[in-house]
Amino acid sequence: MKLQTQYLIRLAEKGVRGDGRKGEEYRKIEIEKNTIAKAEGSAKVKIGSTEVVAGVKMDVGEPFPDKPDEGILITNAEFSPIASPEFETGPPDEDAIELARVVDRGIRESGAIDMKKLCITPGEKVWMVFIDIHILNHSGNLIDAAALAAVTALKHTKIPEYDGEKVDYENKTKPLPLVHLPVTVTTAKIGNLYVVDPDLEEEDVMSVRLTVTTKEDGNVCAIQKSGPDGLLLEEVEKIFKLSIKKGNEIRKL
Amino acid sequence: MKLQTQYLIRLAEKGVRGDGRKGEEYRKIEIEKNTIAKAEGSAKVKIGSTEVVAGVKMDVGEPFPDKPDEGILITNAEFSPIASPEFETGPPDEDAIELARVVDRGIRESGAIDMKKLCITPGEKVWMVFIDIHILNHSGNLIDAAALAAVTALKHTKIPEYDGEKVDYENKTKPLPLVHLPVTVTTAKIGNLYVVDPDLEEEDVMSVRLTVTTKEDGNVCAIQKSGPDGLLLEEVEKIFKLSIKKGNEIRKL
Amino acid sequence: MKLQTQYLIRLAEKGVRGDGRKGEEYRKIEIEKNTIAKAEGSAKVKIGSTEVVAGVKMDVGEPFPDKPDEGILITNAEFSPIASPEFETGPPDEDAIELARVVDRGIRESGAIDMKKLCITPGEKVWMVFIDIHILNHSGNLIDAAALAAVTALKHTKIPEYDGEKVDYENKTKPLPLVHLPVTVTTAKIGNLYVVDPDLEEEDVMSVRLTVTTKEDGNVCAIQKSGPDGLLLEEVEKIFKLSIKKGNEIRKL
Amino acid sequence: MKRIDGRKEDELRPIVMKAGVIEQADGSAFVKFGNTSAIAAVYGPRSLHPKHLQIPDKALLRTVYSMAPFSTTERVKPGPSRRSIEISKVTRYALEPAVFLEEFPKTGIEVYIDIIEADAGTRTAGINAASIALADAGIPMRDLVAAVAVGKINNNYIVDLCGKEEEQTLCDMPVAYMPRTKQITLLQMDGDITLDDATKLIKLAIKKCEEIYEIQKQALKKRWMG
Amino acid sequence: MKRIDGRKEDELRPIVMKAGVIEQADGSAFVKFGNTSAIAAVYGPRSLHPKHLQIPDKALLRTVYSMAPFSTTERVKPGPSRRSIEISKVTRYALEPAVFLEEFPKTGIEVYIDIIEADAGTRTAGINAASIALADAGIPMRDLVAAVAVGKINNNYIVDLCGKEEEQTLCDMPVAYMPRTKQITLLQMDGDITLDDATKLIKLAIKKCEEIYEIQKQALKKRWMG
Amino acid sequence: MKRIDGRKEDELRPIVMKAGVIEQADGSAFVKFGNTSAIAAVYGPRSLHPKHLQIPDKALLRTVYSMAPFSTTERVKPGPSRRSIEISKVTRYALEPAVFLEEFPKTGIEVYIDIIEADAGTRTAGINAASIALADAGIPMRDLVAAVAVGKINNNYIVDLCGKEEEQTLCDMPVAYMPRTKQITLLQMDGDITLDDATKLIKLAIKKCEEIYEIQKQALKKRWMG
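Chains as they are written, first to last, in our numbering: chain A, 1 to 253; chain B, 254 to 506; chain C, 507 to 759; chain D, 760 to 985; chain E, 986 to 1211; chain F, 1212 to 1437.
Extracted from the complex, chain A is given alone in its bound form:
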């Protein structure tokens, strides 16, 4: 075991984290809106020095045959090699894919977007919403930052005009029908300490983490366990409650 691991685990036994935070404490969260001129909506989120940009682009396309009167949501994440010495060029790896899919499920399953309102002509034309997540600096807990950036970008998205033939990206007026605000909270287990918002060093030493997306009514919309260890039922229950609590705090930002 590496020295740093041993050190962080010893600290954890005393209920202390490497950077002095309490277990239930997030790093400082900063949110900037509509930073990207050409995107229909965008947001930059910093959690500590982790930094993520999410951009929303919209286009008109054909609906899926099984949902002829609903818009389409596509979520993609790129781990740019800019953001970490460990990221490489190439197609998204399993971590980028998992992140995008967890963010996508949080938004989709919570019914955050009223998809029926994105239908233009049933069975023929609907709005497609592309959420692209771009990591600028990887300092741990990318998933919460990405989810928060995605939802914030959606919140500030304006739909372009559409005349039945062409999308007019110069004129965007109507807001996207966003009806819920799902928030994603990740809790890691280090030794016997549960810590929200693990930073990069904590991610290296954690044995397991649980990511829980909740809505403003306290409902749970998406869960993802990750990491090479298991969790007891009591631990899961505890993390659920913590996720709802922290989710409510973040939703107010």
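It is possible that some hints are incorrect.
Only some residues are given here: those of chain F computed to face chain A with a beta carbon under 7 Å [claimed, not checked]:
| # | residue |
| --- | --- |
| 1 | I1233 |
| 2 | Q1235 |
| 3 | N1246 |
| 4 | A1252 |
| 5 | V1275 |
| 6 | F1281 |
| 7 | T1283 |
| 8 | T1284 |
| 9 | R1286 |
| 10 | P1289 |
| 11 | Y1323 |
| 12 | D1325 |
| 13 | E1328 |
Read the hints as simulated data drawn from the structure, not as lab findings. Glycine included, C-beta positions come from ideal geometry on N, C-alpha and C.
Keeping the supplied structure of chain A fixed, place chains B, C, D, E and F upon it in accordance with the hints.
Quick look at chains B, C, D, E and F alone, frame taken from chain A:
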């Protein structure tokens, strides 16, 4: 520094090239037309022992939305492993892509093809012109050989008959509307000598090269600087003039 | 030369095979039909411990322009890494591609399926027949097992209902118009012994093999020579006859 | 409530489990829940290349989940998809707590899971099969991992959803569980449910995993005893 | 029977063969049968990387067949296709019996075949060119490999099919042959013919290969003699 | 002439430059020209694998230019395109003359450029950012590289084209320049202009690069001085 490099640079200091050519002298250029039975137009160009085949294929397709009344030009280059011990199988590398794009820009920006004449039904059907460049032997200065082969192939291209439904490749009569003859000239710098048409050994030792495509009226249509060194303004000006001069000579072949 | 190779070749000189079979003897063949609930037709074939599943899926699509009144057949094989320590994840390698193409040709060239009967609206809609071959255990002679599984799956394929708009996969009644039963027989040469149905060890030592697909009328529909050695004309003639004979035996199973 | 296929709310589909089905593999298993069939094969521990992948103090566990093209109503395009890449990852984490990887430093243990028939619950079927296959390969394990998906239709908690139920459920929650250590090793959920629902569903899943675990042990016993 | 292009049944198309056409290659050849043109280049024997590909007691022969995008009526998308991958494989097996690979252990010999014009018979044109290119590279060979496709239209056996004939033929049978050892090194067939037809066609192909073989030898003689 | 966005002919867009924006990187910079934003990060000099890429007497400089999917009006498909591969190459050649690569033999220096917002001039914005990032990484340099695109609309020479101007210009000429050595390190042009125009445009570009150069130095000064 390799011996060969030192030798060529020492020669260059005396204004002499490895194969005895003068700085402004091309190797022997040979052009063969319409060598490929199934292509709508084709040409084989040899510059010294560098050998390139360009083939033009045509098909009917949809125009780009922003240019509904113009044909489409697509230029592609394959560096077949046949042509050099250094070429490998696989998708085109950066050199093949750069070559194709420089050739493409020379043709496109000079307005060599009257693209409006390739429109069949505006917004619906236009001719697509595929230029495929195939390297047969790589002995340096592929780019000038490729550009010359591409333009020569276009010059001899005959458009197939089209009845509104099907392209009849058995009947080709009308020539492609080629209105300009862009010629691409590459000049390399070796030590303090400027040499046109660098051969393979010269490409190994050159520090920088400038590729300039010009039209019969002396206008410049495309420029591409390559290589890990810079050029002074005076050097660029000198090479521009040289490129126009050599372009005119080659255009007469 | 490896010991095993020398041993098998010495045995072959005495006309004996490693597992005691005679040259013209197949391992035990077991056929199970319609094992896959969601497939339109399926079959599992075991030859010795070699095990292959073939599944047939059908869908409605556009015909090829040159055959507007015929259905479409697409054959694909995946060598799942499940089946052998030597198989790797990734796109099909040359062996998987060759296998799929040889199986495809046996079915296509024999006219096994009456393709005209798979036309729904000429030039517009036809049935597409996808045969997917999935290797479960690789113990030699995949090709004969795959071909037999594919033909058996086709024999038990039921076409789903189609109302002009949507395929109803819940209702499948009409059998696929299968008019011939091509059978593929592979013979390998080990030393001077000709053996049908080579097992994994024999495949390692064989110098050449010939795969011959024949119909119930004794006609030959597809031939594929493989392996780094040649065959004399007399050898080919001998193997042809053997292939027809064994093909007839297998067709009765 | 009567379920669409006539099952009781907490009734699993008919289950078949068999160890040792692929001769070439070091360990293997076949698992069937209703019309969902998974085959898992284990290769290893074996030497690992390229070398930079080797871990000095334990084995590298790799899992690849994939679906046969004919396994579903709409043909699945061969090759990895975003979905299969994610499932491969969570499957690895579901299995890893069960394996004494530290006994085989620098080696690789590969687990391949092929879904032959898919009628919902493919990832959990795959985990059940993989777990048996690892044991069949003789790899030392803390416990077997049992897995099942649970959901909620109307006000009913149901187990082992079939495909048609998956379309109707308010949530889909696959769970993997190691009965001996009581650890949950896979936990995912899509849906929109209360905290209370979530907790009850996990408890239900654990109960069913304990049943599945017995069937897994039977399969291994049958394999070892003949 | 008069054939579509006026040839007799057993008449080859006009043939051009030239050795040593690519300066950069260790060996090369150009071969043209009517409107089918193939260029082959050989690189090697040369050191082979990555090392795990090396064979201790012989050279590794690699063949890559590919078609220029402008070679056919419909433009060919660049890059390997399933068809070209299969042809690369059977081409390797067609050439391998002719080469003394055991003289160059651990090395690689690469054979690249580019089809510049395609009017049927591209794989056999490629094999003819590759065989000359291997000899031109000075690689020791048991014999040259000659190749041709044969077919049957109505009741006539025909040789060296052109594209239009390929659409009509009852079968398409490419054959490669080493005259000195009388070995058939490529044999494929698509079609639906009797055993008797098959045998007769192979014999016809062998006869024509012997003619082609003489032209190959001429091309090499011309190269070596100047 | 009044330009579409109200600028004078030789007026640059509002410029923001900031060094040291990415904590994980060895050096980094953010550069904004109007609505074009580029971020560059430098990793290295660091050991280079696989080994055969190592250059015995200098570092290998690698550049990767890419556009965020949301950076343009039409979403950009992720992954390298032919355009981005070419830009990565010319960017490498634009930066290479400025870096003392010979001080770090056998290592790799990687420069990543992400275009976050695109409104023309992305490659030059990227070069400006990369140049600052290299300096920020403490890599010894002959000079900074400044870059800008110039063009001609009607009879006017204009600098730092925005997207709408790029559609109208008779030519688009990106130039990179090292003021200290007076070397042009990037020079590309698309268009149809006279020799005289071309020369004048390059001179104009050089003049503006000298201005940009001062802003680059300011950004670095601010970073180092705090």
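Status of the hints after comparison with the structure:
The interface hint given for I1233 (chain F) is met, as the beta carbon of that residue sits about 5 Å from the closest beta carbon of chain A, less than 7 Å. With a least beta-carbon distance of about 5 Å to chain A, the hint placing Q1235 (chain F) at the interface is held under the 7 Å criterion. Satisfaction of the interface hint for N1246 (chain F) is found here, the shortest Cβ-Cβ separation to chain A being roughly 4 Å, below the 7 Å cut-off. Annotation: interface hint on A1252 (chain F) holds; nearest CB of chain A at approximately 4 Å, less than 7 Å.
With a cut of 7 Å, the hint placing V1275 (chain F) at the interface with chain A holds, because the nearest CB-to-CB distance is about 5 Å. Below 7 Å, beta-carbon pairs count as interface contacts, and F1281 (chain F) has one with chain A at about 3 Å; its hint therefore holds. Checking T1283 (chain F) against chain A: minimum C-beta separation of about 6 Å stays under 7 Å; hint holds. With 7 Å as the threshold, the beta carbon of T1284 (chain F) comes within range of chain A, its nearest partner Cβ sitting at about 5 Å, so the hint holds.
Because the closest C-beta pair between R1286 (chain F) and chain A is about 4 Å apart, less than 7 Å, the hint holds. The criterion of a C-beta within 7 Å of any C-beta in chain A is met by P1289 (chain F), whose closest approach is roughly 5 Å, and the hint holds. With 7 Å as the threshold, the beta carbon of Y1323 (chain F) comes within range of chain A, its nearest partner Cβ sitting at about 4 Å, so the hint holds. A hinted interface residue such as D1325 (chain F) counts as satisfied when its beta carbon comes closer than 7 Å to some beta carbon of chain A; here the least separation is about 5 Å, so the hint holds.
The beta carbon of E1328 (chain F) comes within 5 Å of a beta carbon in chain A, closer than 7 Å, and the hint placing it at the interface holds.
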